[in-house]
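Q: Produce the complete structure using the sequences and hints provided.
Take 1 as the starting number for the sequence shown in my numbering and just add one per residue.
These are calculated hints, taken from the structure and not from any lab test.
Hints are not guaranteed to be accurate.
Calculated cross-link-like contacts (lysine-lysine; reagent style DSSO-like; alpha-carbon spacing at most 30 Å) [to be verified]:
id, residue 1, residue 2
1, 50, 65
2, 62, 50
3, 102, 62
4, 65, 102
5, 50, 102
6, 94, 65
7, 50, 94
8, 62, 94
FRET-style restraints, in silico, Cβ to Cβ [what the hints assert, rightly or not]:
id, residue 1, residue 2, range
9, 89, 140, 28 to 36 Å
10, 141, 102, 23 to 31 Å
11, 145, 189, 41 to 49 Å
12, 111, 68, 21 to 29 Å
13, 63, 29, 16 to 24 Å
14, 237, 194, 43 to 51 Å
15, 111, 141, 25 to 33 Å
16, 194, 233, 41 to 49 Å
17, 100, 44, 24 to 32 Å
18, 235, 172, 53 to 61 Å
19, 84, 141, 38 to 46 Å
20, 53, 142, 44 to 52 Å
21, 109, 149, 47 to 55 Å
Only a predicted model underlies this, so the values are computations on that prediction, with no experimental measurement involved.
Where is the CB? At the ideal position from N, CA and C, for every residue including glycine.
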Amino acid sequence: MDFKILFTTFFGIILFSNLVLAQIMPPHAFYGTVTWNGSPASDGKSVVAKINGVEVASTTTKDGKYGYEPIFYIAGDRSGDEINFFVNGVDTGKTVYFVNGKITLLDLTATGPEEPSPQPPAGGGGGGGGGGLVTPTTTEEPEEVEEEPQPCQERWLCDDWSECEDGQQTRVCEDVNECGTDRDIPLMIQPCSKEEIEETAKGEEAVLGGPTGFFLGLSTTEWAMGGIIGVIIAAIIIFLVTRRKKSKIV
1 MDFKILFTTF FGIILFSNLV LAQIMPPHAF YGTVTWNGSP ASDGKSVVAK
51 INGVEVASTT TKDGKYGYEP IFYIAGDRSG DEINFFVNGV DTGKTVYFVN
101 GKITLLDLTA TGPEEPSPQP PAGGGGGGGG GGLVTPTTTE EPEEVEEEPQ
151 PCQERWLCDD WSECEDGQQT RVCEDVNECG TDRDIPLMIQ PCSKEEIEET
201 AKGEEAVLGG PTGFFLGLST TEWAMGGIIG VIIAAIIIFL VTRRKKSKIV
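A: So, in structure tokens, the structure goes:
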């Protein structure tokens, strides 16, 4: 009977000691910086440690860091367990094995969507009742419309046609606007014949008409003959007038 009591007491002491030792095993603490999308994480981003997919510790960022205040640690006897770290629910890819009583510097990096910064409430206006949440507004910038360039307007100036040579007449034309195109370029070569040019010249002389045209068409010989005839006629008139005067005197 006494042996049973002694054995039970000894077993109870050993069991109680194991429970106490399990409770006082030192934790594994972590601290470091948190980088989010390439920049120090803003305050309030969550940092979570998981073992076998189960959350065992959590904290939030402050000044781009974690584990400084408050201290971030994992308690219990988890020696050798694999710990995974998450920032704002995003796996950082960092893996550490649990060691009782160890303090580990562990910098965490993750990428994810940026949270919109709060918009300040619109100013102005009189007093009113209690306000609710202010919905941030966004202003859409107008799209710039590129103006289509206007096509260059050709303006051609041409010299007079050259004389007819080898059945052709030529002239020089120039685009004063210098468009570099020839959509509206006028003719610079045209067929011709000397007979047509002479007929055109005769037609222009005929248009003159009247006495002016007649005298312009006389040659030098014709002018000389006309002068002689005029002198003879004038001499005859003078002779007849002089003779008539003498007849009256007699």
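Q: What hint numbers does the structure not satisfy?
A: 10
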